[in-house]
Amino acid sequence: KLLIGKAQIRYHGLMMLAEGRALQDAFSRQLDKVVIQRLYDTSQQKGLQGRELLLRARRGSATPGDPVPLTAKLL
10 KLLIGKAQIR
20 YHGLMMLAEG
30 RALQDAFSRQ
40 LDKVVIQRLY
50 DTSQQKGLQG
60 RELLLRARRG
70 SATPGDPVPL
80 TAKLL
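So the sequence shown is residues 10 to 84, counted in the working numbering.
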């Protein structure tokens, strides 16, 4: 939930990077863009329920590599 001026914005689920950027483009003030970044970050954390997404890769029959945390990109 986010209050911008007299409007209130809510977002349910994981906000996609493109959706966050489109929402930022709709506002011209830097303060609004910062608040939308906060909404995006909160969306990412709530979608993962405070957990961390790890990536492991392997090639062929080799043992999998060490887990690497995936982090959300900035808008």
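Think of the hints as simulated: they come from the structure by calculation, not from any bench.
There could be a bad hint or two in this list.
Unchecked claim - If you anchor each label on the Cβ, the simulated ranges turn out as follows:
{"no.": "1", "residue 1": "Arg30", "residue 2": "Gln54", "range": "15 to 23 Å"}
{"no.": "2", "residue 1": "Pro73", "residue 2": "Asp34", "range": "25 to 33 Å"}
{"no.": "3", "residue 1": "Ala16", "residue 2": "Arg68", "range": "48 to 56 Å"}
{"no.": "4", "residue 1": "Thr80", "residue 2": "Lys42", "range": "30 to 38 Å"}
{"no.": "5", "residue 1": "Ala35", "residue 2": "Arg68", "range": "28 to 36 Å"}
{"no.": "6", "residue 1": "Gln39", "residue 2": "Ala71", "range": "32 to 40 Å"}
{"no.": "7", "residue 1": "Asp75", "residue 2": "Lys42", "range": "34 to 42 Å"}
{"no.": "8", "residue 1": "Met25", "residue 2": "Val77", "range": "15 to 23 Å"}
{"no.": "9", "residue 1": "Ala27", "residue 2": "Arg68", "range": "27 to 35 Å"}
{"no.": "10", "residue 1": "Gly74", "residue 2": "Arg19", "range": "17 to 25 Å"}
{"no.": "11", "residue 1": "His21", "residue 2": "Leu83", "range": "28 to 36 Å"}
Stated by the list, open to error - Straight-line distance between alpha carbons at most 30 Å, and here's what the computed DSSO-like set of lysine-lysine pairs gives:
{"no.": "12", "residue 1": "Lys55", "residue 2": "Lys82"}
{"no.": "13", "residue 1": "Lys55", "residue 2": "Lys42"}
{"no.": "14", "residue 1": "Lys42", "residue 2": "Lys82"}
Note that beta-carbon positions come from the ideal geometry of N, C-alpha and C, so glycine has one too.
Right, here's what the structure says about each hint:
no.: 1; hint: Arg30 to Gln54: 15 to 23 Å; verdict: holds, 18 Å
no.: 2; hint: Pro73 to Asp34: 25 to 33 Å; verdict: violated, 39 Å
no.: 3; hint: Ala16 to Arg68: 48 to 56 Å; verdict: holds, 50 Å
no.: 4; hint: Thr80 to Lys42: 30 to 38 Å; verdict: violated, 20 Å
no.: 5; hint: Ala35 to Arg68: 28 to 36 Å; verdict: violated, 43 Å
no.: 6; hint: Gln39 to Ala71: 32 to 40 Å; verdict: violated, 48 Å
no.: 7; hint: Asp75 to Lys42: 34 to 42 Å; verdict: holds, 36 Å
no.: 8; hint: Met25 to Val77: 15 to 23 Å; verdict: holds, 21 Å
no.: 9; hint: Ala27 to Arg68: 27 to 35 Å; verdict: holds, 31 Å
no.: 10; hint: Gly74 to Arg19: 17 to 25 Å; verdict: violated, 39 Å
no.: 11; hint: His21 to Leu83: 28 to 36 Å; verdict: violated, 22 Å
no.: 12; hint: Lys55 to Lys82; verdict: holds, 16 Å
no.: 13; hint: Lys55 to Lys42; verdict: holds, 20 Å
no.: 14; hint: Lys42 to Lys82; verdict: holds, 15 Å
Going down the numbered hints, you'll see the structure goes against 2, 4, 5, 6, 10 and 11, while the others check out.
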